[in-house]
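**Q** Every number in my numbering is 63 more than the matching position in the sequence shown, counting from 1.
Please keep in mind that the hints were generated in silico from the structure rather than gathered at the bench.
Some clues are possibly wrong.
[Said to hold, decoys possible] Quick list of simulated restraints, FRET-style, between CB atoms:
1) R178 / C130: 44 to 50 Å
2) P72 / R96: 32 to 38 Å
3) P185 / S120: 36 to 42 Å
4) T102 / W163: 56 to 62 Å
5) L88 / Y169: 34 to 40 Å
6) A175 / H124: 32 to 38 Å
7) Q111 / R174: 42 to 48 Å
Cβ coordinates follow ideal geometry from the N, Cα and C atoms, glycine included.
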Amino acid sequence: MSIPRYGQPLGARETEILRLVSQGLSYGEAAGRLQPPVTENTAKAHMQRVLTKLGASTAPHAVFLACQAGILDGRPRRHGDHAGYAAHVYRGEDPCEACWDGERAYRAGRRAARRAAKANPPKLLAS
Numbered sequence: 064m065s066i067p068r069y070g071q072p073l074g075a076r077e078t079e080i081l082r083l084v085s086q087g088l089s090y091g092e093a094a095g096r097l098q099p100p101v102t103e104n105t106a107k108a109h110m111q112r113v114l115t116k117l118g119a120s121t122a123p124h125a126v127f128l129a130c131q132a133g134i135l136d137g138r139p140r141r142h143g144d145h146a147g148y149a150a151h152v153y154r155g156e157d158p159c160e161a162c163w164d165g166e167r168a169y170r171a172g173r174r175a176a177r178r179a180a181k182a183n184p185p186k187l188l189a190s
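Turn these sequences into a full structure, and let the hints guide you.
**A** Below is the structure:
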């Protein structure tokens with residue numbers, strides 16, 4: 064079990080429901096695939112706990128956060144295996160140095176592109 068952002072680990076049922084929902088199954092279909100099968104309302108209750116524990120607002124958001132945390136694929140996340148600067152900002156963290164370096168390079172590239180566009184404006188076609 065991985066520990067999500069809010070510090071509460073997901074249970075086995077919660078992780079399984081999240082995995083099934085991430086594959087595009089409805090709550091009813093996911094409920095039927097669990098062993099032993101549960102009702103659709105029970106599957107929804109499990110998913111609601113997942114949303115709360117991950118701090119997500121919707122099921123797709125929960126899947127996104129779970130992927131970032133390595134919950135769905137079971138791979139522990141190490142530096143360089145995350146979404147970078149934006150992921151840190153989204154989580155409210157100070158970006159690590161490698162992410163800052165990447166962000167600085169991205170911003171420098173965007174500045175250079177804006178300067179080049181300003182120096183060579185596109186020519187308008189005469190009608």
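**Q** For every hint, state whether the structure bears it out.
**A** Evaluation of the provided hints:
1. R178 / C130: 44 to 50 Å: 36 Å, violated
2. P72 / R96: 32 to 38 Å: The hint (32 to 38 Å, Cβ to Cβ) is violated, given that P72 and R96 are roughly 22 Å apart.
3. P185 / S120: 36 to 42 Å: Distance hint for P185, S120 holds at roughly 41 Å.
4. T102 / W163: 56 to 62 Å: Roughly 48 Å apart at Cβ, these two residues miss the hinted range, so it is violated.
5. L88 / Y169: 34 to 40 Å: Taking Cβ atoms as reference, L88 and Y169 lie about 37 Å apart, which means the hint holds.
6. A175 / H124: 32 to 38 Å: 34 Å, holds
7. Q111 / R174: 42 to 48 Å: For Q111 and R174 the Cβ distance comes to about 45 Å; the hint holds.
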